[in-house]
Structures are given as C-alpha cells and as structure tokens.
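**Q** Each chain is listed here by its residues.
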Amino acid sequence: MTNPQAPDSNPSPPAGSPRFDSAFLRRLEALTLITRQARSGQWQGERRSLKRGQSVEFADYRNYVPGDDFRLVDWNAYARLERFFLKLFVEEEEQTLHLLIDTSRSMAWPPDNEATNKLAYAAHAAAALGYIALAGLDRVTIATVDAALSQTLRPHRGRQQAFSLFDFLAGLQATGRTNLNEGLTQYARQSRQPGPLLIFSDLLDSTLPPPNPQSPSFQPPWANGVLALLARRFEITFIHLLSPDEANPTLSGDLRLLDAETGQTVEITADYESLARYQAGLAAWQAELRTWCAQRSIIYVPVTTDVPFETLIFTFLRQRGVLA
Amino acid sequence: MMTFLSPLAFALLALIPPIIALYLLKLRRQDYEVSSVYLWQRFVRDVEANAPWQRLRRNLLLLLQVLFLLLLILALVRPATPTEGVAGQSVVLVIDRSASMAATDEVGPLGQPGSRLEAAKQAAAEMVTNLPETARVTVIAAAGGQADLLTSATQDPRQALSAIDSIQPTLLNSDLDPALTLAEAIVAREPNAEIIMLSDGAITPPPGSSARLVSFGKLDANQAISTLSISPVADGQLALFVQASNYGSAAAQRRLIVEVDGAPFAAVDLDLPPAGHVEQVIEAIPPEAETVEAYLQPSDEDVLPWDDRARLVVRPVEPARVTVVTNGNFFLQTALSLLDGRRVGVAVETTTVAPANLLPDQAATSPDDLKSVHIFDRTVPETLPPGNLLLIAPPQSVAGLFDITGQIDNPALEVVQPDHPLVDNISLADTQILATQVISAGSWARTVVVGYPDPAQPDSRPIPLLLAGEIDGRRIAILAFDLHQSDLPLRPAFPILMANLIRYLAPGAGGVIPAQIAPGQPLAITLPAGVARARLIYPNGAVQAIEAGAGQTLPVLSQLGLYTLEFEPPDNQPGDQVRFAVNFFDPVESAIMPQPDLALTGRNREQTAQAALPPAYREWWRLLAAGALLLLVAEWLVYRRSVAIRWWSGLKYRIFVRS
Chain A
1 MTNPQAPDSN
11 PSPPAGSPRF
21 DSAFLRRLEA
31 LTLITRQARS
41 GQWQGERRSL
51 KRGQSVEFAD
61 YRNYVPGDDF
71 RLVDWNAYAR
81 LERFFLKLFV
91 EEEEQTLHLL
101 IDTSRSMAWP
111 PDNEATNKLA
121 YAAHAAAALG
131 YIALAGLDRV
141 TIATVDAALS
151 QTLRPHRGRQ
161 QAFSLFDFLA
171 GLQATGRTNL
181 NEGLTQYARQ
191 SRQPGPLLIF
201 SDLLDSTLPP
211 PNPQSPSFQP
221 PWANGVLALL
231 ARRFEITFIH
241 LLSPDEANPT
251 LSGDLRLLDA
261 ETGQTVEITA
271 DYESLARYQA
281 GLAAWQAELR
291 TWCAQRSIIY
301 VPVTTDVPFE
311 TLIFTFLRQR
321 GVLA
Chain B
1 MMTFLSPLAF
11 ALLALIPPII
21 ALYLLKLRRQ
31 DYEVSSVYLW
41 QRFVRDVEAN
51 APWQRLRRNL
61 LLLLQVLFLL
71 LLILALVRPA
81 TPTEGVAGQS
91 VVLVIDRSAS
101 MAATDEVGPL
111 GQPGSRLEAA
121 KQAAAEMVTN
131 LPETARVTVI
141 AAAGGQADLL
151 TSATQDPRQA
161 LSAIDSIQPT
171 LLNSDLDPAL
181 TLAEAIVARE
191 PNAEIIMLSD
201 GAITPPPGSS
211 ARLVSFGKLD
221 ANQAISTLSI
231 SPVADGQLAL
241 FVQASNYGSA
251 AAQRRLIVEV
261 DGAPFAAVDL
271 DLPPAGHVEQ
281 VIEAIPPEAE
291 TVEAYLQPSD
301 EDVLPWDDRA
311 RLVVRPVEPA
321 RVTVVTNGNF
331 FLQTALSLLD
341 GRRVGVAVET
351 TTVAPANLLP
361 DQAATSPDDL
371 KSVHIFDRTV
381 PETLPPGNLL
391 LIAPPQSVAG
401 LFDITGQIDN
411 PALEVVQPDH
421 PLVDNISLAD
431 TQILATQVIS
441 AGSWARTVVV
451 GYPDPAQPDS
461 RPIPLLLAGE
471 IDGRRIAILA
481 FDLHQSDLPL
491 RPAFPILMAN
501 LIRYLAPGAG
511 GVIPAQIAPG
521 QPLAITLPAG
531 VARARLIYPN
541 GAVQAIEAGA
551 GQTLPVLSQL
561 GLYTLEFEPP
571 DNQPGDQVRF
581 AVNFFDPVES
591 AIMPQPDLAL
601 TGRNREQTAQ
611 AALPPAYREW
621 WRLLAAGALL
631 LLVAEWLVYR
641 RSVAIRWWSG
651 LKYRIFVRS
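For the record, the sequence lines run as chains A and B.
Just so it is clear: in the first sequence, position 148 is 148 by the working numbering, and no numbers are missing.
Just so it is clear: in the second sequence, position 197 is 197 by the working numbering, and no numbers are missing.
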C-alpha cells in the first residue's frame with residue numbers, strides 16, 4: 001500500500017490575503033483570548049503575570065530585605081508595627097499566542113474551490129485570531145508544519161503589525177507531506193515562551209501506520225508531539241478542518257483513489273454501504289480524537305470548511321472557551 | 001404444456017458467462033483524486049476483498065444483470081401455452097343470448113353461481129384478449145331468429161370487449177339460424193376465418209354450418225309451469241288448469257302456489273317425475289277474479305327461474321250482439337244458439353231479420369260497438385251497415401270489396417293459413433262442398449281456406465272459400481259457399497268455426513290482443529274504431545304511447561308479467577282497458593340440458609378444417625419483457641442508490657418537515 005512515489009513538491013497556489021473590513025475588525029476587537037494559566041511575559045501587557053510589578057492591583061506584602069526599593073515600603077504598616085513591609089502589586093504582561101498551521105498538500109483541498117479550501121480557511125481563521133491577540137497587546141507567533149517545522153514568523157506585537165501578519169498568512173502554500181509529530185516536537189523544543197497554541201490541521205497524517213481502530217487505547221500518530229507541547233505547558237486547541245467532500249463524500253462506482261499528498265492509491269467500490277461505512281468511521285474517529293484530547297485538557301474543535309469561519313470564531317471557539 | 005416458439009434465442013444464454021467473466025476480470029477502475037486516502041484506508045479498506053469469488057458473492061448488481069438477461073432471453077424464445085382460444089386472423093363470435101342461457105349453473109368470475117351467458121361473455125372476452133393483434137373480431141348476439149351485429153371485423157379489442165359486455169339475456173328462443181347464416185356469409189369472404197358459437201347447445205343447428213361450438217351449462221335441473229288456462233264450469237265458477245313440467249333428469253318436489261288477484265289462493269305440493277309433467281286443476285276460483293298467477297316456490301333444484309311463474313288474465317265473456325239477415329237458415333241459427341258462453345267461451349244475443357225488413361239505419365246505432373256483428377246469409381244489402389260483417393254465399397259483387405266471378409262444383413278443401421284464428425281447433429278434412437261461388441277479393445282479404453276445382457289436379461288454380469280481413473277499420477269475413485250446399489254444418493267443426501268467427505268479428509276490448517302472448521312475439525294490433533291512441537303499461541310501470549294505425553305493431557315485449565293496454569277515446573273519456581299476460585311457455589328453452597356434442601358437421605366443415613388453422617397459443621413474452629424492464633429499473637436504483645436515497649430523504653423532508 002505504501003507508495004514509493006515522491007511527495008508532490010509543487011506548491012499549491014497561495015492561500016490568499018485575508019480581507020477584513022473595519023466593521024469586522026471592530027467585532028474582533030471585542031473578543032479576547034482566554035488563558036487558563038498566568039505566566040510571565042517579556043513586556044508590559046494586559047495579562048496577569050506571575051511576576052509582581054507595578055500595576056494598581058494589590059497582590060501581597062513581604063518583609064523588607066536590604067536592597068529593596070524604598071519607594072515600595074508601606075509606611076502605614078511601618079507606623080503601626082514599626083517594621084518594614086514591602087507592598088507588592090500584580091504585574092500585567094503580555095502573552096504569546098502560538099498559531100500552528102498544517103501546510104501539507106492535503107490542506108490545499110479542495111483545490112478548485114477557494115471558499116472551502118482548508119488552507120485558505122485556516123489562514124483566515126488564523127488571521128482573525130492573530131488580530132484578536134494583537135489588539136489585546138499580546139504577542140503572536142505563527143509557524144507552519146508539514147513534514148517538519150517549515151516556516152516561522154517571528155513574534156509580532158501591537159496592532160500595527162497586523163498587516164505583516166496578514167501578509168505572511170497570505171503567502172502560505174501547501175507543499176509537503178504531513179508529519180505532525182516531527183513538527184510539533186520541534187516546535188516544543190524551540191519555542192521560548194509557551195502560551196495558548198492553536199493547531200489548524202486536517203489531522204490526515206499517514207506517516208505512521210494507522211493504529212488498529214479496534215484497539216482499546218486509541219493513540220493518534222502525532223501523540224508524541226502533542227505530549228511534548230503539553231510538557232512545555234502550552235494550552236493546546238485543535239482546530240480540526242475537513243472539507244465538505246471529506247465529511248460527506250459523493251463518490252460512486254469502482255474507483256482508484258489517488259492521494260493528492262502522498263500519491264498513494266486505494267481501490268474501493270463506492271456504493272451506498274461503503275459510503276455509509278466511511279461516514280460511520282469518520283464519526284467514530286472524531287469521537288476518539290475528542291476523548292483523547294479531553295483526557296489531556298486539549299480543546300478539540302472539529303469544523304468543516306463549508307461552515308463560515310465567522311461562525312468558527314464567534315460561536316464555536318467562544319462555546320469552547322478559547323475566546324471570550 | 002409450455003412450448004417455445006423461437007427456441008433459437010436460447011443461444012443467447014452464451015452471453016451470461018462473459019458477463020460473469022467481465023466481473024471477475026474487474027473492469028479498470030476510474031482514477032479519482034482525493035485530499036488523502038488516510039480515512040478511506042482506515043474505514044473502507046475491508047471492502048476490497050481480493051478473492052474474486054468473494055467479490056461475486058456480494059455483488060447485487062451482477063445478480064440483477066444476470067437475472068435481467070435471463071428474463072430477456074426467456075421473452076425472446078417466446079414461451080407459449082396452448083389455449084382454448086382461436087388463432088385465426090378473423091373470428092366471428094356468435095353469442096347465444098336465448099332464455100336458456102340465463103340458467104345459473106355456471107360459475108361466475110368470483111366463484112359465485114353465474115349465468116351461462118355471463119360465462120359465455122367471459123370466455124368470449126378471454127378469446128378476444130388472447131387474439132393476435134391484427135385479428136379482426138365480429139361479434140353477433142343471437143336469439144329468437146334475430147342476429148344483432150354488434151361489431152363488424154373490428155381490430156380494436158376494446159370495441160369488441162365492450163360489445164361483448166353489452167350483451168344482455170333475452171326471453172327469446174334459441175333460433176340461431178339467421179346469426180349463423182350471417183356468420184357464414186362473413187366467413188366466406190375472409191380466408192383463415194373461424195366461427196365460434198358460444199351457446200348451451202339447446203339450439204337447432206342449421207344444416208352445413210362450420211361453426212365451432214363452445215358449450216356452456218352443467219345442469220338440467222329445471223321445472224316450469226308449462227300451461228296455464230282457465231275455463232268456466234257449470235256453476236258460474238272458474239277452474240284453473242295448471243301443467244307443471246320437469247325438464248330435469250331427476251325427480252323434483254315443488255310447491256305450486258296460486259294467487260288470485262294478488263292474494264294467495266291455493267298451494268299444492270307437486271311430485272314431478274323426471275322428464276315428465278303433472279297436471280293440476282284448481283277449482284272454485286271466483287268468477288269475479290281478474291288475474292291469476294301461478295308459480296313454483298323457488299328452489300335450489302331449479303336453475304332457470306323465468307319459467308317458474310305464469311300469469312293469466314280472466315276476461316269475462318260478454319255476449320256479442322249478432323244480427324242475422326236471412327230468409328231462414330236452420331244450421332246457422334242452431335250453431336249460434338249453442339254459443340252460450342260456457343263451452344267455447346263465446347256468447348251471442350241473436351236477432352234474426354229478413355232481408356226485406358232490414359232498415360238501412362237499424363244497425364247504425366253504435367258504429368263503434370265492438371260486440372255487434374251483422375251476418376248476411378245468401379243476401380247482400382244495397383248499402384252495407386257499419387260494423388263487422390260475415391257474408392255467407394253472397395249472391396252478387398260488392399264494389400270495392402269483392403267480385404263474384406263464377407261458380408264451381410266439388411272443390412277440394414285445403415287450409416292454407418293453419419295459424420289463423422278462424423281455423424283454431426278445426427279439422428276441415430273430408431268436408432264436402434257441392435257448389436261454391438268463385439270470389440275474387442281485394443288485397444285486404446287473407447284467404448284462409450281454399451278449394452281446388454278439380455281434386456285430381458291439386459296444382460290447378462285454387463279458389464278462396466273462406467276469406468277474412470280488415471278494410472276501412474272493420475273486419476269482414478266471407479264464407480263463399482252456401483251452408484245448404486255442404487256437409488260442413490253437420491260436422492263438429494261447424495260450431496267451433498262459428499265461435500271462431502264470432503270471436504274474430506266481435507272481439508270486444510279483449511279482441512285487440514290475446515290474453516296470453518309469448519315474449520318477443522311480434523304482434524300486430526288494431527285499435528278499436530274511434531280510438532286514436534293507446535297507452536301500453538309495462539309490468540314494471542313503464543308507459544309507452546301507441547298511435548292508431550292499421551296493423552300497428554307492438555314493440556317486442558321482453559318483460560314477463562301483466563301488461564295493460566289503455567285506450568284513449570278522443571273525447572278524453574276514461575277509456576276501456578285490456579290486460580294481457582306475457583308468459584314464458586317455451587319447452588325448448590325450458591329444456592336446459594346442455595348439449596356439448598352438438599353435431600355441426602356440414603358441407604363447409606372440410607373447408608375450414610381445424611388443421612388449416614394454426615394452433616392457438618397464449619404467449620407470455622409481454623409479461624417477461626415487463627419483468628425485465630422492472631429489473632432494469634431496480635438495477636439502476638441499486639447502482640445509484642446513494643443518489644436515490646438522498647433524493648428520497650430530500651423528498652421526505654420537503655413533504656413532512658415543510659408542511
């Protein structure tokens with residue numbers, strides 16, 4: 001079944017520039033990213049940091065030790081107790097939103113329909129999410145994953161950087177084969193500031209032999225990469241993209257299916273039974289993924305690309321607690 | 001026994017192995033690009049069973065295709081079963097609708113008892129359905145000497161079927177001769193034609209018919225009232241005479257019920273021997289009775305109910321006023337005096353006048369009196385009185401009526417109209433006539449009895465001896481010879497002849513129509529003088545107007561029962577009425593024993609021998625081809641079932657959810 005044919009190296013056409021009008025951007029600005037953990041950042045921001053700092057929000061007292069800034073001594077407390085206490089305030093810093101986009105060939109599907117193209121859909125959604133983060137004074141970094149980690153966009157910060165972000169997304173091209181495991185592991189290793197991480201992928205990763213679906217312990221092929229990310233305390237959200245013809249195939253007859261990404265072939269007789277079995281299998285697979293993710297506090301959002309991506313942003317992600 | 005008309009088509013069975021082989025060889029699959037085969041590999045891979053036989057086992061499409069091919073081949077070999085039907089290119093169906101065909105000893109389409117005619121119609125319809133498409137069908141409904149051509153050589157089976165369906169039973173007899181003659185004439189013009197007669201065989205076949213008989217009927221169980229008459233007895237009462245006949249081959253017990261004026265009068269149990277009859281006299285029927293009805297109580301042993309009931313109208317005997325103009329005739333006066341109403345049902349009041357005393361206006365008192373007759377014995381007045389006349393040996397001619405052309409001696413008598421009412425119950429054989437006038441009458445008169453001038457030469461020109469007819473609205477009878485010149489007055493026939501003459505000339509209201517007639521009998525009536533119009537009231541209450549006119553023919557009366565004829569006088573006075581009964585007394589039709597072995601071999605038999613016609617087959621290919629078409633549709637549905645199911649759920653959504 002494995003095909004020695006080389007993966008198709010011709011890149012797909014670019015994902016296209018996301019075009020948001022100002023009204024839509026204002027709607028996006030009303031949203032904020034939810035983070036489940038407070039963590040330290042580099043710069044002043046709007047998120048609670050682990051550090052103590054200079055905001056107006058009181059955090060704690062601590063004993064004075066020589067060398068502390070006198071300005072932080074709480075003189076009222078000294079007047080009552082005749083001891084030096086330092087008054088500590090919550091520091092508010094930025095966070096980094098990580099957007100990982102699967103750019104394997106299978107993402108450039110369907111090739112002839114811009115509206116439901118998975119890569120274009122992922123680029124649009126990523127642009128919207130990136131803008132939300134930039135508007136919230138957070139940092140945004142984007143990486144693309146195919147056979148390995150291929151492209152990364154240096155962290156952007158500030159609303160004025162949105163166009164640079166959009167341009168990067170517009171230039172995305174689907175080229176390689178999928179190896180999420182490798183890509184995720186690399187990203188976990190080299191990322192300096194963990195934070196919310198959204199992965200846009202169709203999860204159609206056939207690098208490892210697919211596990212037996214009858215096996216009681218379901219293990220996706222990219223499990224190790226995800227576990228590596230979790231070990232770095234990333235807050236992972238999977239946006240599982242499927243095109244309409246993948247969710248509801250309308251094939252019929254005796255067919256030899258060609259894999260657009262790997263060149264593999266599978267011979268099937270597409271009739272009512274086999275299509276019904278395909279759909280049952282797909283539903284079971286998604287249920288297994290959801291269970292697996294839930295067990296690891298990963299948010300799993302399946303979406304077909306005929307759903308308007310505004311619905312994804314304003315409904316699905318809010319329902320699942322990614323945005324507020 | 002099924003045969004195949006073109007068995008060569010079985011060679012097409014050789015197509016089946018290639019179809020299976022093609023499936024085994026697995027046609028080249030169509031290439032189709034998908035984003036990833038990952039999911040297909042995971043979920044649908046087990047579809048690809050690699051063993052070829054494994055594939056065949058679950059392939060519904062292959063099964064359907066082979067079945068389709070088998071059905072198609074079966075249709076092409078044209079399987080056929082021999083049938084009772086016909087194979088000719090032209091067929092003439094003669095359907096007997098006589099009274100015996102109404103016997104309910106056949107099985108109807110739903111298994112209930114049905115009449116022979118229903119079964120014959122069904123069989124005829126089946127024959128028409130099974131005919132080749134180009135065959136021409138002629139349908140003739142026949143009974144009582146009538147032949148109704150319902151369709152003539154039609155190629156439209158629906159027309160033939162509706163014609164067959166429209167045939168209704170009649171009360172007529174089984175005289176199918178005209179129908180068969182007509183059918184022979186039609187067949188004679190067509191090659192490869194066939195006559196099929198659907199009958200119970202209770203018919204008299206014409207000589208030399210080539211028809212094929214399809215027989216109906218199973219039983220012969222039938223009893224009937226075969227005679228019903230009433231006559232006066234001595235004490236003024238009436239006696240009813242009933243004859244009940246058993247036409248079946250088994251003895252039967254039936255109860256005879258007699259109703260007088262609609263009220264039960266008597267009931268008698270009759271033991272009817274097989275193929276025999278029983279007479280029963282019911283006495284003491286009141287003289288004022290008007291109608292009598294006798295019937296056999298319904299029974300399962302009788303499959304033809306029409307002949308179980310008979311009705312009778314009791315007509316009072318009114319004396320006729322007879323004026324005899326004679327110089328004295330003992331024979332005549334004696335014979336008239338015998339007519340007292342008891343013995344022969346005719347009564348007279350006689351007035352005898354000498355010719356010299358006859359006043360010209362004496363008889364003109366009531367010109368439209370139906371009960372007055374003038375008898376002129378050996379004399380003819382200057383002007384004939386109005387009313388009906390009997391002229392005996394008129395001495396001279398009467399202008400416009402007859403001429404005396406001579407006299408002959410010793411004529412030999414012969415009755416030429418044996419069914420004329422004047423000669424009912426009379427035998428004139430051996431009657432001697434010494435001399436007679438030779439009378440030449442106009443066309444109004446019908447000659448009833450003739451005489452041959454020379455008995456040795458019977459083919460010499462006969463001369464009329466007894467004439468009767470109607471002219472100018474009155475009846476005239478002429479007896480050509482003088483009673484004194486013959487031995488007729490000494491014979492028993494003479495008083496009966498006189499009674500017949502009086503009954504003919506003074507009929508009363510009842511003389512217009514007999515008291516009992518047979519159904520379908522053509523009947524000419526003459527309305528009494530002065531009556532312009534009459535109404536005929538049917539047993540079921542229907543009314544038909546009848547205009548006056550010479551020889552007015554009544555419509556064919558096809559209902560059994562009591563009819564009333566009402567005369568409408570011109571001045572709107574309530575008119576007289578006369579009732580009569582239509583009874584089914586037909587021993588030939590009542591003998592319903594079916595005769596399947598009716599010999600119809602004749603001169604044309606050889607010409608249309610059975611061998612000349614191809615055997616009749618019922619073909620089944622249409623059914624098989626329709627089945628093949630259905631299979632084709634099923635195959636397409638299976639092949640595109642995902643589309644079909646989606647379309648169906650869409651339809652359901654539109655129907656149930658939107659509404």
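Wrong hints could be hidden among the right ones.
[What the hints assert, rightly or not] What follows is a set of in silico ranges between Cβ atoms, one per label pair, in the way DEER data are often shown:
no.: 1; chain 1: B; residue 1: N59; chain 2: A; residue 2: P244; range: 29 to 37 Å
no.: 2; chain 1: A; residue 1: P244; chain 2: B; residue 2: R158; range: 54 to 62 Å
no.: 3; chain 1: B; residue 1: L24; chain 2: A; residue 2: S297; range: 50 to 58 Å
no.: 4; chain 1: A; residue 1: E57; chain 2: B; residue 2: E33; range: 52 to 60 Å
no.: 5; chain 1: A; residue 1: T315; chain 2: B; residue 2: I16; range: 53 to 61 Å
[To be verified] Chain A regions said to be covered by chain B (calculated; three or more residues, Cβ under 8 Å):
no.: 6; stretch: 192-205
no.: 7; stretch: 239-251
no.: 8; stretch: 275-282
[To be verified] Derived contacts from chain B toward chain A, CB cut-off under 10 Å, selection only:
no.: 9; residue: L60
no.: 10; residue: L631
no.: 11; residue: V638
no.: 12; residue: R640
Honestly, the hints are just simulated from the structure, not real lab data.
It should be emphasised that the depicted structure is a prediction, and the values quoted were computed from it without experimental measurement.
We put the CB at the ideal spot given by N, CA and C, even for glycine.
**Q** Now tell me, hint by hint, if it's right for this structure.
**A** Right, here's what the structure says about each hint:
1. Checking the proposed 29 to 37 Å range against N59 (chain B) and P244 (chain A) shows it holds: the Cβ atoms sit about 30 Å from each other.
2. Between P244 (chain A) and R158 (chain B) the beta carbon distance is about 56 Å. The supplied range of 54 to 62 Å therefore holds.
3. Distance hint check for L24 (chain B) and S297 (chain A): the Cβ-Cβ separation is about 54 Å, which falls inside the suggested range of 50 to 58 Å.
4. Separation of E57 (chain A) from E33 (chain B) is about 58 Å and conforms to the stated range, judged on CB atoms against 52 to 60 Å.
5. In this structure the hint that T315 (chain A) and I16 (chain B) lie 53 to 61 Å apart at CB holds, the actual value being about 59 Å.
6. Look at the stretch 192-205 of chain A against chain B: 3 of its residues bring a Cβ nearer than 8 Å to a Cβ of that chain, three or more, so the hint holds.
7. Residues of the stretch 239-251 of chain A lying with their CB closer than 8 Å to a CB of chain B number 6, which satisfies the three-residue condition for coverage.
8. Residues of the stretch 275-282 of chain A lying with their CB closer than 8 Å to a CB of chain B number 6, which satisfies the three-residue condition for coverage.
9. A hinted interface residue such as L60 (chain B) counts as satisfied when its beta carbon comes closer than 10 Å to some beta carbon of chain A; here the least separation is about 9 Å, so the hint holds.
10. A least Cβ separation of about 18 Å between L631 (chain B) and chain A goes past the 10 Å threshold, and the interface hint is therefore violated.
11. Hint on V638 (chain B) holds. Least Cβ distance to chain A is approximately 8 Å, under the 10 Å limit.
12. Taking 10 Å as the C-beta contact cut-off toward chain A, the hint placing R640 (chain B) at the interface holds, the least distance being around 7 Å.
When held up to the earlier numbered hints, the structure conflicts with hint 10 and nothing else.
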